[in-house]
Amino acid sequence: MVDFEEVVLQRHSTRLFLRDKPVPNELVTEALALATRAPSNSNIQPWQVVIASGPARDRLVEALLAEADAGAPRVPVLPPEFAHFRRDLGSLVYGAMGVPRHDAEARRLAVRRNWEFFRAPMAGIVCMHRDLDFVDSLGVGMFLQTFLLGLTARGLGSCVQVSIAGYPDTVREQLGIGPDMRVLCGIAIGYPDPDFPANAVHVPRNALDQNVVFLQS
6 MVDFEEVVLQ
16 RHSTRLFLRD
26 KPVPNELVTE
36 ALALATRAPS
46 NSNIQPWQVV
56 IASGPARDRL
66 VEALLAEADA
76 GAPRVPVLPP
86 EFAHFRRDLG
96 SLVYGAMGVP
106 RHDAEARRLA
116 VRRNWEFFRA
126 PMAGIVCMHR
136 DLDFVDSLGV
146 GMFLQTFLLG
156 LTARGLGSCV
166 QVSIAGYPDT
176 VREQLGIGPD
186 MRVLCGIAIG
196 YPDPDFPANA
206 VHVPRNALDQ
216 NVVFLQS
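In this text, residue positions in the sequence shown follow the numbering used here: the first is 6, and each later residue adds one.
Calculated directly from the structure, the hints in this document are not laboratory data. You may find that some hints are simply not true.
Computed list of lysine to any residue pairs in SDA-like fashion (alpha-carbon distance at most 20 Å, straight line) [stated by the list, open to error]:
1. LYS26 <-> MET186
2. LYS26 <-> PRO202
3. LYS26 <-> ASP108
4. LYS26 <-> HIS134
5. LYS26 <-> GLY160
6. LYS26 <-> ASP174
7. LYS26 <-> ASP74
8. LYS26 <-> ARG79
9. LYS26 <-> PHE201
10. LYS26 <-> ALA61
11. LYS26 <-> ARG124
12. LYS26 <-> ARG118
13. LYS26 <-> GLY59
14. LYS26 <-> VAL140
15. LYS26 <-> ASP198
16. LYS26 <-> PRO85
Note that the structure is a prediction, hence the values are computed from the model and not measured.
With the sequences and hints as input, model every part of the structure.
This is the structure in structure tokens:
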């Protein structure tokens, strides 16, 4: 057993993986089994996950890259008051990689790695039935966080990717996901590349009082 707080603090988004180091299926299965203990509305367990590796993963990546080269993904636009978070994160990550803001081609290639799952040998797709609502997405989120922590405890890196959901039809076609499922995000799973500078980036968090209010009277 690994100390819970240590696992929480160790978990971070890995942005480049060791492509040729395979992920043992049993480790992922163990982490998934833990994640199913997450709470959900009326115990409906709304999470649906497809895990692709080997040729299935490679076909998905090839199709996603073709879509990315043809046009931008359909992802939600951040409201203006929240957009600075994305800019700040980009400055940290691209700065660690040595990619200057004015180097459009280097940034394009870095962004393109999203649809390669950052070269991870295992790719996950998280879905939820289209008839379910926001309250049920909370259950998916709790499942997903537990899964990520389970992977971390087993020495595996991960990255949750909203960008993958930007091409939902391609994902459905390649993985046989029915139209009744909403594609929420992707997950890159593998062993982090220790030589990639952005994997050592520590992303800051808000002070508690910016997001939490205690009322006692």
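Holds or violated: LYS26 to ASP174, with C-alpha atoms at most 20 Å apart = violated (29 Å)
Does the structure keep LYS26 and GLY59 at a Cα separation of 20 Å or less?
-> With a Cα-Cα distance of about 12 Å, the restraint between LYS26 and GLY59 holds, given a limit of 20 Å.
Are the Cα positions of LYS26 and PHE201 separated by 20 Å at most?
-> Holds, because 15 Å separates the two Cα atoms, which is no more than 20 Å.
Assess, step by step, whether the Cα of LYS26 is no farther than 20 Å from the Cα of ARG79, and give holds or violated.
-> violated (32 Å)
Assess, step by step, whether the Cα of LYS26 is no farther than 20 Å from the Cα of ASP74, and give holds or violated.
-> Violated, because 27 Å separates the two Cα atoms, which is more than 20 Å.
Starting from LYS26, check that the Cα of VAL140 is at most 20 Å away, please.
-> Cα-Cα ~38 Å, so violated.
Straight-line alpha-carbon gap LYS26 to ASP108, limit 20 Å | violated (31 Å)
Sort out whether PRO85 lies within 20 Å of LYS26, counting only the CA atoms.
-> The given pair, whose Cα atoms are some 40 Å apart, is violated under the 20 Å limit.
CA of LYS26 to CA of ASP198, is that 20 Å or under?
-> holds (10 Å)
Would you check the hint for LYS26 and MET186, treating anything up to 20 Å between C-alpha atoms as holding?
-> violated (31 Å)
Within a Cα-Cα threshold of 20 Å, do LYS26 and GLY160 meet the stated pairing?
-> holds (13 Å)
Quick one, are LYS26 and ARG118 close enough, alpha carbons at most 20 Å?
-> holds (18 Å)
Comparing the model with each numbered hint stated earlier shows that hints 1, 3, 4, 6, 7, 8, 14 and 16 do not hold.
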